[in-house]
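Student: The lines below spell out each chain.
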Amino acid sequence: MRIIVLINQILDPSGMTVNRRAQQVFVNRREYILNPADLSAVEAALQVRDAAGGDVTIVGLGPERVVESIRQALSMGADQGLAIIDESGAAADPAVRARLLAAAVRKAGPFDLVLTGDRVLDSDGGQIGPRVAELLDLPQLISVETVACQENRAEAIRSTETGYQRVEAPLPVLATLPPDANRPRFGTAQRIVNVYRDQSAVKCLSPADLDPTGEASSPQTRSGGRGYPTPREPGTRLEGTVEEITGRLVTALGLGA
Amino acid sequence: MDLDHLMMMLGDTGEVTAPDTVQSYRDIWVIGQVANGDLTACTAQLLGKARELASDLGAYVRAGLFGHDLGDLGKQLIALGADVAHVADCPDLADLSLELPLHVLGTLLEEFKPAVILMPSGVIGDQLAPRLAQRFNATLTTQVVALRPDLSSRAVMADYAVYNGEFYESRSILAGPTFGPDSATQMFSVLPGAFRTPDPDRYRTGTVEPVAVDPSAVTGRVGVVGPTPYQRPLVAISRAQRIVALGFDLGEENVSAARALAERWGAHLAGDRTAASAGWIDYNQVVGVTGYDVAPDVYLALGVRGNTEHNVGMERARFVIAIHPDPNASIFEVADWCIVAEPGQILARL
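Chains as they are written, first to last, in this note's numbering: chain Y, 110 to 366; chain U, -6 to 343.
None of these hints come from the bench; they were simulated from the model.
Predicted, not measured: the structure shown is a model, and the values here were computed from it.
Any given hint might turn out to be false.
Stated by the list, open to error - Residues of chain U clear of chain Y, computed beta-carbon distances all greater than 12 Å: (1) Gly41; (2) Asp192; (3) Asn304.
To be verified - Example chain U residues on the side facing chain Y (calculated, C-beta under 7 Å, incomplete): (4) Leu133; (5) Asp152; (6) Arg195; (7) Leu343.
We put the CB at the ideal spot given by N, CA and C, even for glycine.
Let's have the full structure, built from the sequences with the hints guiding it.
Tutor: Spelled out as structure tokens, the structure:
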């Protein structure tokens, strides 16, 4: 069973303050983390591998620092890492991103399962999963809670309005997971040290290796400019003694008696 | 309205060939979604917005609708602003996540070459749209919260939500006009509530065109096995109706009182990241961008300071009561009832 996980690296939102009135984003701490949905995709991949055998390859696309996030996935237990280092920012365009990732998946060799997150916090990158599925002509299982593979089929559970539903598709297949699908494991200390010592743990490629003509990497769109949601209407301040306030609270919350 | 279309209507067909041979990109499309036998609110909002864009950019509005037992929903699409409604009614279209709806939508795109397509996010906007965008080399923006026409290039610009809606990024297309032969479709998957719901006009006229569906055209690879019981490994605070949220300023000594209150009131316990770091709640109970988005009926915040990361995760709550000793704490910016007090004092009397 060969599994490929596509990951994104994002700026940690807990190091960031958004002031909607001043219409500005203040970054207090510039730290990058593995996108939470992709993290649960890594965990799902490791679970499939632990049950069915095989190996897990992590593929990341972004500037040089994406290697750090791939190392994090490796320390959780993934087997190989492949980074496509793109400093130009052309991969911010979803079509370019999908084409480069699909090319990387093809380059990584034959595969049975491609996993990724169903959303990316810092962009609308949730569309990358289905786009890659289209490029590789794979059936897609979107926003599933679990994935399991038996012989030549992948089985998944997804949530619907009326409860959970079991769906299946023949391998190879692409599946995406929401950020809260599972509880991602932590790497053992020994593994973390080993992964960081091993300089060649992550293989690096440039977009030109995957797309020599440069045709696939010309963006169709441009991102730029920010907008801010309107702040919520101010609420009422409850005045009075502590007794009066608690009295109102007890009634409002229905805690009496 | 496109120029070549206009010329044809004026009878000036000397130089301009008929539009169906020109293969020109035209019209603004809305793909509707049905829930419980009715159009979703988001579909109505999209039609209202499409109508506005159409009058700014000069275009017709066409609507597409897929599903089963659609009744006279086609007429409703017209009433809400469509000029033509294409309705595909077939039992095999009941589950939109499978391959047949993708095929039907793809056929429509090929035939009509829409200049702009608006879709509700969800199955259509987030599962079908990306595949079709890749297939037809269209641009796609998901999580859209605002759409603006650029009148000089006759293109549409979009704002989309990032970090669960903490702020928005804008995206525009780089090259070419939106309308005309040398173009590509611009697709947008729009979040519900982004636009105003229009009032239906029962006297609006338009045509409803049934779309022929051939279920044997696609051999579906994805199959539904059936319903299954499943227990998520994480507590789903996302669906809680009542939440008691703890923050660091609550103080260690009041945590047990807060827990007891949550139990007595039948609420889920949650909190911000500082409460999780202090060990008062589990990491899967954290509200915020890196935790969970919640939308309870009542959100009681005890000693939560309310940094942006936390506030974004709970601002869809219907009623927020915040208790914090600091009158300048930013939780009060999103609270309906602001109580400036030591949370411990209030807790002791509840």
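Student: Hint by hint, which ones does the structure fall short of?
Tutor: 3, 6
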